[in-house]
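Colleague: Sequence:
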Amino acid sequence: MFRIRHLAAIAAVGLAGAVSAPAAVAAPATPAASESEGSTISPVAYADRTMREFGVGNDIDFNRDTTAAARSNIVKHEGAAKHWHRTDVQGAAGHVYVTYENTTTGDVLTLGVKTVTNMEGDHLVNQAA
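Here the sequence shown stands for residues -26 to -1, 1 to 103, numbered as in mature numbering (1 follows the signal peptide of the UniProt record, and there is no 0).
It is worth saying that the hints were derived from the structure and are not from the lab.
Since the model is a prediction, treat every value here as computed from it, not as a measurement.
Note that CB positions come from ideal geometry on N, CA and C, so glycine has one too.
Please note: incorrect hints may appear among the correct ones.
As the list claims (entries may be wrong) - Per label pair, the in silico range of CB-to-CB distance: (1) H57 to T89: 24 to 30 Å; (2) N37 to A103: 17 to 23 Å; (3) T89 to R38: 15 to 21 Å.
Generate the whole structure from the sequences, applying the supplied hints.
Modeller: Okay, here's the thing in structure tokens:
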């Protein structure tokens, strides 16, 4: 019985590690378990996910998770798509503002994430500067 639980725990840790592996590519690591289908993630985790999508070139999810205006401002940093590190989080007027700094270029990018979720439980990055 102990061996079965032990193996289940190892499998769960291995799965979580595999899911969060892309996080190292573009943004700080965040708990991937909170991003499983059907669950609501925090605005900060949502911004981190958006930065990972941008960093790895996942255009389908990146387009789904951002407005056209925000996407346009994020893509201006195309040459610096990887190596973003979250440096600040602030909240105001229905948004959470998450700031990232590119550790290679020194670029700074702030994403505004709506705190109200849509019907699927997702937030939306609708500001980027």
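Colleague: Evaluate the given range 17 to 23 Å for the C-beta pair formed by N37 and A103.
Modeller: Taking Cβ atoms as reference, N37 and A103 lie about 19 Å apart, which means the hint holds.
Colleague: Just tell me: holds or violated, for the beta carbon distance of T89 and R38 against 15 to 21 Å?
Modeller: The hinted range 15 to 21 Å holds for T89 and R38, with Cβ atoms some 18 Å apart.
Colleague: Could you see if the CB distance from H57 to T89 stays within 24 to 30 Å?
Modeller: Because 28 Å falls inside the window, the suggested range holds.
No hint from the list above goes unmet by this structure.
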